[in-house]
Structures are given as C-alpha cells and as structure tokens.
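Peer 1: Sequence:
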Amino acid sequence: MNNRIIESVPNFSTCEINAINSIADSIKSVKGVKLLNIDPGEAANRTVFTFAGKPEDVVEAAFQAANTAADVIDMRQHHGTHPRIGATDVLPLVPVEGVSLHECAEMARGLAKRIADEIGIPCYAYEAAAFKPERKNLAVCRSGEYEAVKEKLLSDNKKPDFMPHDFPSDGTIPDRVLKTGCTVVGARDFLIAVNFNLNTTSTEIATEIACDVREKGRPAVDEITGEPKTDQFGKKIMIPGSLKTAKAIGWFIKEYGIAQVSMNLTNINVTPLHIAFEEVSRCAEARGVKVTGTEIIGLVPKRVLVEAGKYFLKKQNLDDNITDNQLIQYAISHMALDDLRPFDTKQKIIEFLL
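Residues in the sequence shown are numbered from 1 upward in steps of one, following our numbering.
Calculated directly from the structure, the hints in this document are not laboratory data.
All C-beta atoms in this analysis are idealised placements derived from N, C-alpha and C, irrespective of residue type, glycine included.
One thing to keep in mind: the hints can contain errors.
[Unchecked claim] Each computed PhoX-like pair below joins lysine-lysine, with the alpha-carbon atoms no more than 20 Å apart: (1) 159 <-> 216; (2) 54 <-> 34; (3) 136 <-> 158; (4) 346 <-> 314; (5) 152 <-> 216; (6) 136 <-> 34; (7) 290 <-> 54; (8) 244 <-> 34.
[As the list claims (entries may be wrong)] For each label pair, taking beta carbons as the anchor points, the in silico distance ranges come out as: (9) 318 <-> 110: 36 to 42 Å; (10) 229 <-> 257: 34 to 40 Å; (11) 244 <-> 317: 45 to 51 Å; (12) 226 <-> 286: 31 to 37 Å; (13) 145 <-> 28: 26 to 32 Å; (14) 230 <-> 257: 37 to 43 Å.
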C-alpha cells in the first residue's frame, strides 16, 4: 500500500490562546503534516489537537509540539477539571491507513525516548506501547495527576519509563520538570472522546451515572459498615458498569452551567457512540435527569455517524435506504450533537478533512 498515514491527538494542559497558537505553529511548521482540528475546553483548561500525515512527519510534529508546550505551559500554575499529569498530558499515535498498531507502538516508544532525552520531560509509555501490562491503562500512568509527580519520579515502581539522561540522583527535581510535569506517550486505535450533557448541575449525579456505565464500574460497599469490600489480597472489589471499553467520569462545566458525563470510547467496534448515548440516557432517566445533548471532542470517523443514523432509523421502524449524508444529519439530530454549538461536519468528520 502506497499510502501510509497516521494521526496524533495530543492533549495539552492549556486553553490560553497564545499558547494554543504557538503549539499550532510548531505543528504546521513540519512539511507534510495537516492540522485537522483544535478543540479547546475552558473548564478543563485543556486543548486537544488532531493532525495527520506520513508517520515520520507526524512523529516530528508531535515532538515539536511537545517541545513548544514545555516552553509555553507552566504546570505549577495549572488548574482544570480534567485529570492531567503534564503540559503535554497525553500524546497518542493512531494508525489510519497502511500502518499497523504495532508499528505505531514502536514509533511511540522512540518518540517518548526522544522527548525525555532532548526536552527533558519524563515519559510514560501506554496502551499498545506500554512496557508493563498495568500501564496500558492511561489512568494508571496518570494516577495522582500532576500533584503526585514528585513522589512518582522518586519511586522505583512508579517512575516513568523514560527519564531525562541528566536527571539528578540526589532526590531533587529540576525546575524544568516541575514546570512541564510528565507526558504519557502511546499508540492506540481510534478513540472517541465525548461528553453527554445533563439537565442538572449536580456533579454527584453525573458521577453516579458515569459509574453506572463505565467498564470499571464502582467499588462494592458493605451494606452494614458502608466500607468498600476487598478481596483476600486487600484489593477493592468492583461492580462493573454496563459499557465495555468505556471510561467515564462526571463533572460540572461552569462555562455551560451543566453537569456532564465525560467518556472515552476506546473501542468503537465494541461500544459504538450510539449505544453509549442510549445507555447514558437510560441511566440518567433512572436517576431522575435527562441527556440533553452530546458533545464530541476532536474528530469522529464518518462511519460512526452513519451507523448511528441507521440505528436510530431502524429503532423507529423507518427506512434507512437514504444517503450517508442524510444518515449523518439524522444522527446529529437524534443525539443533539449541536446542543452546545453548531456541529460542522466538514470540521468534525475526519474523512472530510484528509
């Protein structure tokens, strides 16, 4: 196959316009890379970039973006609703065409080593690039968030996979690392980041719904003592949620004045977007609230919305023998993808941008 294309979807811990522009310029400076989308979130204080191109070009653009972020973001002053561990918080490489996930994993490891060696940012390797099974899970790498960085850097078991070659051995943390925090670099299949809007301001209700649906679920609790149940090894016993391969948290978004269930769908073949929408809606109604709309962060493959349109048409016993564009519009309407802002298919569907 002649076309070899990957994309990168780094998340940076800022929504400050000058910082965003500087990072964008560093990405666009790499010839052959197309910057597809920039999606800032004020409450999360976080911006998601999406860019694509030939593997070697995308890797170079990712490195340059991380280098710029290290200069323009100071984690010592960062506050936001989204979990984060560094200025360049998470940096995944995603195969698009003619490239395997295994190849992306090898590229990710090389990129993480280069970021540690040349920029001085400690890096974890996650998902397909992980060296340790538990570090396939982003939440494990990010545990404790930025506030736990000092502890983790000095721990043999928790320290990142790639450390700066000149990192002190006397227990001190360089100011540069305190400024940047750590970065989690990896390779994964296409992921959909989505927020489901609720007609409530209650973070507690949103969190309960998130626990209802996320694969991890919630800790089992002793009915008498109210304490979490543990197994023979002292590990918490979990009650799984209803959606496989879904990760979710609940939060309140001040800029919108609503609570949301914020979700990552890590395998859309197992749990498609429309099934997640239906299940979150069901669990919300069971708790006395409603899903009023859906907010997709970053980009979405065309087939996700086409499949959603077919699903909702079939559910209503309507003929789905219509064009893909009509199916997409039906999906947008049914899931209220334009609840918070217009949903521009030319800017949100990846195939329309490549």
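Peer 1: Does residue 158 sit within 20 Å of residue 136, going by the straight-line distance between their CA atoms?
Peer 2: 14 Å, holds
Peer 1: Using the C-beta atoms of residue 244 and residue 317, is the stated range 45 to 51 Å upheld?
Peer 2: Because 28 Å falls outside the window, the suggested range is violated.
Peer 1: Checking one constraint from the list: CA of residue 159 to CA of residue 216, max 20 Å. Satisfied?
Peer 2: Since the Cα atoms of residue 159 and residue 216 sit roughly 24 Å apart, the hinted pair is violated (cutoff 20 Å).
Peer 1: Holds or violated: residue 152 with residue 216, Cα cutoff 20 Å?
Peer 2: The hint is violated at about 24 Å.
Peer 1: Hint says 31 to 37 Å; check whether the CB-CB distance for residue 226 and residue 286 agrees.
Peer 2: 22 Å, violated
Peer 1: Take a look at whether the Cβ-Cβ distance between residue 145 and residue 28 falls inside 26 to 32 Å.
Peer 2: 30 Å, holds
Peer 1: Does the alpha-carbon distance linking residue 136 and residue 34 stay inside the 20 Å limit?
Peer 2: Violated, because 28 Å separates the two Cα atoms, which is more than 20 Å.
Peer 1: If I claimed the Cβ atoms of residue 230 and residue 257 lie 37 to 43 Å apart, would that claim hold in this structure?
Peer 2: 39 Å, holds
Peer 1: For the pair supplied as a hint, residue 346 and residue 314, confirm whether the alpha-carbon distance does not exceed 20 Å.
Peer 2: 26 Å, violated
Peer 1: CA of residue 290 to CA of residue 54, is that 20 Å or under?
Peer 2: 43 Å, violated
Peer 1: Given the hint that residue 244 pairs with residue 34, test it: the Cα-Cα distance must not exceed 20 Å.
Peer 2: 33 Å, violated
Peer 1: Within 34 to 40 Å: is that where the Cβ-Cβ distance between residue 229 and residue 257 falls?
Peer 2: Since the Cβ atoms of residue 229 and residue 257 sit about 37 Å apart, the hinted range of 34 to 40 Å holds.
Of the numbered hints stated above, those contradicted by the structure are hints 1, 4, 5, 6, 7, 8, 9, 11 and 12, listed in ascending order.
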